[in-house]
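K.L.:
If you want the building blocks of each chain, they are given just below.
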Amino acid sequence: MIKIDFEKKTFLRDVLGGYMQELGRQDEKVVVVNADLMGTCRNRSFVASYPERSFNVGIAEQNMISFAAGLAHEGFKPYAFSMAPFISMRGLEQCRTDVAYAGLDVRLMATYAGVSGGISGATHWSLEDCGIMCSIPNMTVVETCDEVQAKKLLEKSLDYSGPIYIRSSVEPVIGIYDDSYDYEIGRADTIMAGDDGAFICAGVTVKYAVQAAKNIFQKHGKKIRVVDMHTIKPIDRQAIRTAAATGAVVAVHDHNVMGGLGTQVGQVLAEEGIGVRFANIGLKDHFEPMAHASYLYHKFSLDAEGLEQAMLGLLK
Amino acid sequence: MQRIERPQTVEELKKAALEVRKNLLKLCSLQTIHIGGDLSVADVMTVLWQYQMNYDPQDPNWEKRDRFVLSKGHASAVTSFNQAAIGCFSAEDVWNEYATDEGRFSMHSCNLVNPYVEVSTGSLGHGFPVACGMAAGLRLKGNNTSRVYVVMGDGEQSEGSIWEAAMYAVQQKLGNLVAIVDFNGLEADGSLEEITALGDIAEKYRAFGWNVCEFDGHDIANIKGYFDNLPPVDSEQPTVFICHTIKGKGVDFMENQARWHAGKITEEQYAAAVVDLESKFAQEGAQG
Ligand SMILES: Cc1ncc(C[n+]2csc(CCOP(=O)(O)OP(=O)(O)O)c2C)c(N)n1
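Chain order of the listed sequences is V and L. Sequential numbering of the first sequence, starting at 1, is according to the working numbering. Sequential numbering of the second sequence, starting at 1001, is according to the working numbering.
The set of hints was computed from the structure by calculation and includes no laboratory data. Incorrect hints may have been included.
[Stated by the list, open to error] Take a look, some chain L residues computed to stay more than 12 Å from chain V by CB distance:
id, residue
1, R1006
2, Q1008
3, E1102
4, G1137
5, E1194
6, G1225
7, P1231
[To be verified] Pairwise CB distance ranges, derived in the manner of DEER restraints:
id, chain 1, residue 1, chain 2, residue 2, range
8, L, D1056, V, A102, 51 to 57 Å
9, L, P1115, V, A193, 50 to 56 Å
10, V, D27, L, W1163, 48 to 54 Å
For every residue, glycine included, the Cβ atom is placed at its ideal position computed from N, Cα and C.
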């Protein structure tokens, strides 16, 4: 199930956009709605194969989401594509009222998660989207970390009931899973076993957590668990309890520390009455100038080095 | 920094626009930039920044300055090179710092690091309504000499917020507001005709109650003429310039090509493009 491959370099938007053609082949109810970012979201092959099931509303994300809701009302399976800030913030009330309130099966395909938009700057980052989307009733929030998982997620999304926000980084990711991987929305996956501490991560940070866990084992002989919390809502509470049993939990997310994965994990810990050494790693609740994602991950300790330090800090 | 003489005549402005294009292409040989929409708006931006605007490069917060909002925030490079031309910083600064970590210049305009950016933009459909608020704010403060200039894309016109602002600017009688639409016919995924055709955009703004000027956005004499003849700042009707332009203007292989919305060129392409630009400029000069 697990096959960590640091050499593999995947761009998730290529996978998520490209695989739409396969979904379109499997199910003729699948429709794609773009807002002038078809190229950026890499779903051109679907559009070329199924032009009658493709819509491009222009630079009008609010229209895109409401239009997708309309298609869902008529029994179609819409996939609406844009950058995360433009779906989760520009189209927010549309996501909430037209999609979630109506309980419609609309798939919100959000690339440029976190600061992965790098030198495009804060307008193209989504430091807030996970918090926003998690606060919407009915909304499922997932984030994917590798190619195999991304495809399996898309397969599951075909018949998933209710709206789903699918968050993905535009930074490259590595290989984590092999084809035998049994992906379930709502069930976290343990990538590395360990009882000395646990990383809880999702998306692009998974590769950094895996690297950090390996480094810690090599240098200190401590075995750190790595939990891929790909479903951020509804969150896997059992996986959090198990991680907390190690005594040290580092949650990391390419998101603001407010409202991101760390917030969701922290809420569960508090509700369950679990006392555990805990660190919440993410962007530190302020706006940053434009910079490359790798620079920001380093600056805010989201990279392997930063995570290693954070975990060692808890283990002391 | 010493005071820089600004171009005054049509000839000088043409030369200035050529320099802006050359600077853009050099940057484009170093980094990915939104070159298509930079080149389409380069002539209008040159006249606006280097001739029209009342702006002190020593003091970006000068109360009496004209305000500028780049609603199509991805045209950050053409803005920076025009600001460099009037002495806000140098063109070298832009080449060196563009797309560096926490640098002043990048894919969009960011006020956190660059005080010459009035409003941080990049998400389309925001700058125009913000500019309307600034125009109303100037009025409220009793500033009857400063104008607010805002540059938008034609694809950007698809955002609903654009038309909300278009309505309210008229309601508020914002005669101190000048909106500029870079009507190059292309957005990111292709032509407006195939995606959301605008139809007669001039007629649309007219129907909303705007003073509409529609002209060739590459004809420097024309552009200058329209700026020279703007209604008084304290007039009561906002003005929009519908500038017909060519995306990628000046570089043959980029012109009218959606794929050159953003990109990077090779050293060879850069050298060839500069030769091409200069020979076209010399030809036009010879024709008078
Ligand atoms: C709200 C929002 N949606 C999408 C984008 C991504 N985007 C950047 S530029 C662009 C196309 C812009 O087209 P247009 O307004 O015509 O500008 P131009 O062709 O002059 O570059 C798009 C879709 C964005 N920056 N903001």
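K.L.:
All hints, please: hold or fail.
P.N.:
Checked hints:
| no. | hint | verdict |
| --- | --- | --- |
| 1 | R1006 | holds (29 Å) |
| 2 | Q1008 | holds (35 Å) |
| 3 | E1102 | violated (4 Å) |
| 4 | G1137 | holds (22 Å) |
| 5 | E1194 | violated (8 Å) |
| 6 | G1225 | holds (31 Å) |
| 7 | P1231 | holds (30 Å) |
| 8 | L:D1056 with V:A102: 51 to 57 Å | holds (53 Å) |
| 9 | L:P1115 with V:A193: 50 to 56 Å | holds (52 Å) |
| 10 | V:D27 with L:W1163: 48 to 54 Å | violated (36 Å) |
This entry does not satisfy hints 3, 5 and 10, going by the numbered hints stated previously.
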